[in-house]
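Sequence lines, in order, name chains X and P.
Counting from 1, position 143 in the first sequence corresponds to residue 142 in numbering that gives the first Met the number 0; the numbering is continuous, with no gaps.
Counting from 1, position 10 in the second sequence corresponds to residue 9 in numbering that gives the first Met the number 0; the numbering is continuous, with no gaps.
Think of the hints as simulated: they come from the structure by calculation, not from any bench.
Given the structure is predicted, the values throughout are model-derived calculations rather than measurements.
Fair warning: there could be bad hints in the mix.
Said to hold, decoys possible - Ranges between beta-carbon positions, derived for each pair:
{"#": "1", "chain 1": "X", "residue 1": "R536", "chain 2": "P", "residue 2": "F255", "range": "24 to 32 angstroms"}
{"#": "2", "chain 1": "P", "residue 1": "I273", "chain 2": "X", "residue 2": "W628", "range": "55 to 63 angstroms"}
{"#": "3", "chain 1": "X", "residue 1": "E545", "chain 2": "P", "residue 2": "L14", "range": "30 to 38 angstroms"}
{"#": "4", "chain 1": "P", "residue 1": "F255", "chain 2": "X", "residue 2": "K458", "range": "51 to 59 angstroms"}
{"#": "5", "chain 1": "P", "residue 1": "G151", "chain 2": "X", "residue 2": "V176", "range": "42 to 50 angstroms"}
{"#": "6", "chain 1": "X", "residue 1": "K584", "chain 2": "P", "residue 2": "M267", "range": "49 to 57 angstroms"}
{"#": "7", "chain 1": "P", "residue 1": "G151", "chain 2": "X", "residue 2": "Q318", "range": "15 to 23 angstroms"}
Every residue gets a Cβ at the ideal spot worked out from N, C-alpha and C, and that includes glycine.
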Amino acid sequence: MFFFTAAMIILLTGSLLLPFSGRGHLANIAGPLFALTGAVLALAAGVDAICTGGFDFISPWNYQLGGFHLKLDPLSGYFTMVIAMVCGLSALYGRDYLKPYANEKHLGVSWSMFLLLFASMLLVITAWNGVLFLVAWEIMSLSSFFLVIFESHRPGVLAAGWTYLVATHLGTAFLMVMFLLLGQNHSYDFNVIQASGPMATFLFVLAVVGFGTKAGFLPFHVWLPEAHPAAPSHVSAVMSAAMIKTGIYGILRISILMGPFQASWGWILIIVGALTGIFGVLSALSQQDLKRLLAYSSVENIGIIAIGLGLGFLGFATQHPVIGLLGIAGGMLHVLNHALFKSLLFFGAGAVRHATHTLEMEKMGGLMKGMPITGTTFVIGAAAICALPPLNGFISEFLIYFGSFSSLYGSKGTFSVLAAVTVIIALALIGGLALACFTKAAGIVFSGEPRTREAAKAKESGVFMPISMGILVALCVYIGLFSPQVIGFLGPVFDTTVAGHPLGDASLAPAVVSLTMVSRVGAGLIALIVFLGLVKRRWMQHKIVEKSTTWGCGYATPTAKIQYTASSFADPIVSMFDTTLYPVKNLKTDPGLFPTAFSYESRSKDIFMHHVYRPLFSVIKSAALGLHWLQRGYNQLYVLYIVLTLLALLFWILWI
Amino acid sequence: MRFTIFFHVIAAFILSPMIPGIINKVKAFFAGRKGKPVLQMYYDLAKLVQKGAVYSRTTTWIFQISPLVTAAVGIIGVMLVPLGNTPGLLAFSGDYILLVYLFGVSRFFTVLAALDTGSPFEGMGASREVQFALLAEPALLLGLCALSALSGETSMNTMVISLQAGTRPVLACAIFIVLLAENARIPFDDPTTHLELTMVHEVMILDHSGPDLALIEYGSALKLWAYGSLTASLIVPQGILSPWASLGAGFVALLFVTVTVGVIESIMARLRLIRIPQLLVGATILSLISLILIIR
Chain X
0 MFFFTAAMII
10 LLTGSLLLPF
20 SGRGHLANIA
30 GPLFALTGAV
40 LALAAGVDAI
50 CTGGFDFISP
60 WNYQLGGFHL
70 KLDPLSGYFT
80 MVIAMVCGLS
90 ALYGRDYLKP
100 YANEKHLGVS
110 WSMFLLLFAS
120 MLLVITAWNG
130 VLFLVAWEIM
140 SLSSFFLVIF
150 ESHRPGVLAA
160 GWTYLVATHL
170 GTAFLMVMFL
180 LLGQNHSYDF
190 NVIQASGPMA
200 TFLFVLAVVG
210 FGTKAGFLPF
220 HVWLPEAHPA
230 APSHVSAVMS
240 AAMIKTGIYG
250 ILRISILMGP
260 FQASWGWILI
270 IVGALTGIFG
280 VLSALSQQDL
290 KRLLAYSSVE
300 NIGIIAIGLG
310 LGFLGFATQH
320 PVIGLLGIAG
330 GMLHVLNHAL
340 FKSLLFFGAG
350 AVRHATHTLE
360 MEKMGGLMKG
370 MPITGTTFVI
380 GAAAICALPP
390 LNGFISEFLI
400 YFGSFSSLYG
410 SKGTFSVLAA
420 VTVIIALALI
430 GGLALACFTK
440 AAGIVFSGEP
450 RTREAAKAKE
460 SGVFMPISMG
470 ILVALCVYIG
480 LFSPQVIGFL
490 GPVFDTTVAG
500 HPLGDASLAP
510 AVVSLTMVSR
520 VGAGLIALIV
530 FLGLVKRRWM
540 QHKIVEKSTT
550 WGCGYATPTA
560 KIQYTASSFA
570 DPIVSMFDTT
580 LYPVKNLKTD
590 PGLFPTAFSY
600 ESRSKDIFMH
610 HVYRPLFSVI
620 KSAALGLHWL
630 QRGYNQLYVL
640 YIVLTLLALL
650 FWILWI
Chain P
0 MRFTIFFHVI
10 AAFILSPMIP
20 GIINKVKAFF
30 AGRKGKPVLQ
40 MYYDLAKLVQ
50 KGAVYSRTTT
60 WIFQISPLVT
70 AAVGIIGVML
80 VPLGNTPGLL
90 AFSGDYILLV
100 YLFGVSRFFT
110 VLAALDTGSP
120 FEGMGASREV
130 QFALLAEPAL
140 LLGLCALSAL
150 SGETSMNTMV
160 ISLQAGTRPV
170 LACAIFIVLL
180 AENARIPFDD
190 PTTHLELTMV
200 HEVMILDHSG
210 PDLALIEYGS
220 ALKLWAYGSL
230 TASLIVPQGI
240 LSPWASLGAG
250 FVALLFVTVT
260 VGVIESIMAR
270 LRLIRIPQLL
280 VGATILSLIS
290 LILIIR
């Protein structure tokens with residue numbers, strides 16, 4: 000209770016004070032300080048909640064729709080931990096990142112919004128009342144909107160912010176309906192809300208749509224690839240690594256409250272998750288903008304989380320608590336893992352943008368030489384997100400794989416075998432595509448020859464940017480190598496999630512035994528690489544080692560122009576999936592006898608944005624224009640509308 | 000029993016460079032040539048280790064670490080796989096998931112090292128490598144999925160031991176196809192050339208020289224051994240009681256797999272690049288068929 004209250008007070012005070020702190024450097028010192036203090040306190044509150052059970056606070060005063068009710072249980076504590084970690088490191092990073100903007104932007108307001116976003120996320124996680132939850136949800140959406148449009152002078156940023164604002168409010172609309180239907184006796188307190196039977200499934204669908212819009216489920220993901228590249232990098236990290244997880248939290252919390260888990264929920268999540276994951280990583284692969292690629296990859300990882308949770312729900316619903324536990328544990332651990340490596344990658348992208356003033360991968364290359372820290376941490380982050388051992392991404396995917404493989408042993412019914420096969424195919428495909436996607440991102444940006452002069456001159460900037468990236472790498476490696484300890488620490492979180500479900504003698508113990516072996520093999524791999532490296536260095540001491548140009552099959556003067564580009568690297572896969580990715584290829588040739596200039600452009604557009612939402616919204620727009628005659632600009636007319644509405648409401652109440 | 004496990008690992012360390020030699024002998028036999036000696040790869044490795052190295056100025060630490068990763072992954076890979084009824088040294092439940100993703104680690108670094116040189120050829124190889132791998136991975140995992148459904152077991156070694164005879168050939172075919180794809184053999188890739196048409200795996204290591212190249216070659220040999228053992232385990236007959244006899248049967252089966260690779264390389268041409276995805280999807284379908292056969 001103490002830590003949480005202290006964190007909230009610090010964050011809200013900071014958010015109120017900072018707009019007055021002026022434009023420049025003072026705000027850029029005070030903002031991160033407030034955020035860091037708040038993050039440390041919130042982290043303590045989260046850890047405390049996981050270890051000792053947290054608190055339950057009901058305010059003495061009451062308002063119409065239920066009280067000001069906060070509850071921090073281990074599940075909330077876990078998400079608090081994730082949010083605090085990401086926000087704290089992003090604030091540290093943001094200090095360096097925002098420095099160049101000190102003279103042109105009002106940094107006080109920006110930091111104030113950052114603190115407000117942080118505080119509102121904590122409130123979303125702890126709110127124990129539907130109305131309070133929605134209020135916090137709305138503050139979260141609006142503060143992040145203002146952060147997205149920070150660089151409003153850049154083309155496309157306002158449009159991205161607009162897309163985000165519309166998407167998030169459409170999602171909220173579904174949530175409002177859901178909470179209205181969940182409420183009992185004019186109270187929306189989480190202790191009394193309930194649902195059962197087909198109604199519960201309907202409400203679950205509403206939750207998947209409403210929360211899924213925030214989380215980035217297919218087909219509600221369209222705002223992510225717009226908003227994340229538009230926002231400053233430390234904000235992209237917070238949004239992608241922490242804020243979209245509130246959607247996952249929402250789905251989990253509502254499912255627990257409506258519990259016990261139903262098989263249909265599991266299937267919905269598995270199918271939505273598989274589609275989201277595959278589509279997300281495919282779209283990521285076809286991008287040329289680094290942050291757009293990362294945004295689509297968040298869609299992919301949200302898919303993996305949904306797959307894990309879906310498998311967990313299905314396991315419990317079909318009386319296979321072991322599978323259930325494994326799915327839940329895998330999905331939940333992936334929340335933390337994705338928060339770590341995705342903020343790491345966004346930090347890397349931000350550092351690259353700082354140095355090269357662009358996010359176009361085709362204009363980069365060879366950045367590893369000028370920016371070794373960013374390059375190295377980015378490569379490690381890329382390996383982690385590809386779920387490669389011995390890093391953290393592998394651990395959560397291992398648990399999900401382990402769960403689906405366990406549903407194959409013996410005879411557990413065709414149904415669960417079907418689910419297992421779906422999960423395994425989806426994860427394997429996502430894994431292969433992610434490897435293609437992130438070798439492309441890391442390889443095209445940091446390896447090879449620089450493609451432009453800016454790329455050749457790129458240098459590291461700041462002290463705090465490398466520090467925050469270094470901390471994240473350490474955490475990724477730690478979870479990869481000490482996964483049994485991490486699973487043990489998170490025990491209460493899993494228990495809270497599955498409370499009320501018959502567990503029997505099911506436990507995570509067999510998986511932990513395997514993870515112990517995975518950790519050992521991982522440590523062994525690192526040790527072996529280091530050992531081989533030392534042996535090689537010693538062996539090579541007296542050998543002739545030369546430096547030369549890259550051997551181009553006899554061609555002695557290679558240039559950066561003949562390198563493989565991001566587009567050419569991804570082209571075979573993009574063409575293979577062209578029905579989903581819709582690559583638009585544009586080849587301009589010179590028809591003359593001695594052709595000189597050729598140009599070739601290929602872009603992948605989001606199939607949902609361009610073939611679903613654009614047409615849909617243009618239909619709505621033309622329909623709305625048809626009602627134009629209602630709006631005349633006369634105040635008298637509007638007063639008349641109000642009176643008519645009130646009368647209609649009066650009659651309606653009298654009627655029933 | 001324990002001793003045979005160690006024996007398999009040590010045999011893998013020592014004998015794996017012979018596998019490419021045997022394949023080459025088989026190919027030479029089909030072509031009516033005398034062929035290189037079976038031990039050629041040992042000579043090559045010895046020569047490479049003696050040499051110095053040339054590094055491109057474009058490259059960074061990624062290029063330097065990639066051979067180490069390839070070799071280290073190969074070494075751990077052969078410790079994980081069983082051979083016939085002889086379990087893997089590090090066997091535990093779920094080990095096959097680790098095996099698949101471990102080879103992912105070496106692929107990750109090989110591809111990055113290829114891009115690190117800035118060479119267009121290596122970029123082409125890297126691009127194709129990730130394309131084929133993304134199709135090979137579901138095939139392999141589904142094959143393992145079928146294995147585990149069939150045996151009700153959780154680890155590779157117990158899986159292959161308690162396998163019924165019926166679905167073995169189908170699964171062996173599926174995993175064999177993945178073996179050919181993952182180890183850059185015909186019909187997916189031609190290991191003897193790195194000409195433009197066959198630029199997949201060999202072209203990615205074009206810039207490595209000396210001890211680095213030796214590490215890569217040795218790592219690839221170990222990888223071939225690991226996949227070969229897994230395939231061989233599916234064709235070793237069950238019920239051999241003596242551990243040594245079963246290990247012996249495992250080696251014979253591995254030899255058979257090796258010779259089969261050689262025969263395939265002799266009688267087939269490399270597929271057109273656009274046909275390769277179809278073959279890999281075919282392998283996935285084979286795995287799926289065996290899975291359906293099991294759970295029907």
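To see whether the hints hold, each was checked on the structure:
For R536 of chain X and F255 of chain P, the Cβ-Cβ distance of about 41 angstroms falls outside the hinted range of 24 to 32 angstroms, so the restraint is violated. The hinted range of 55 to 63 angstroms is satisfied by I273 of chain P and W628 of chain X, whose Cβ atoms lie roughly 59 angstroms apart. Range check, E545 of chain X to L14 of chain P: about 34 angstroms between beta-carbon atoms, so the 30 to 38 angstroms window is met. Evaluation of the 51 to 59 angstroms hint for F255 of chain P and K458 of chain X yields a pass: the beta carbon distance comes to about 58 angstroms.
Look at G151 of chain P against V176 of chain X: about 46 angstroms separates their beta carbons, and that is inside 42 to 50 angstroms. For K584 of chain X and M267 of chain P, the Cβ-Cβ distance of about 34 angstroms falls outside the hinted range of 49 to 57 angstroms, so the restraint is violated. The hinted window of 15 to 23 angstroms between G151 of chain P and Q318 of chain X holds, with their beta carbons roughly 18 angstroms apart.
Taken one by one, the earlier hints fail for this structure at numbers 1 and 6, listed in ascending order.
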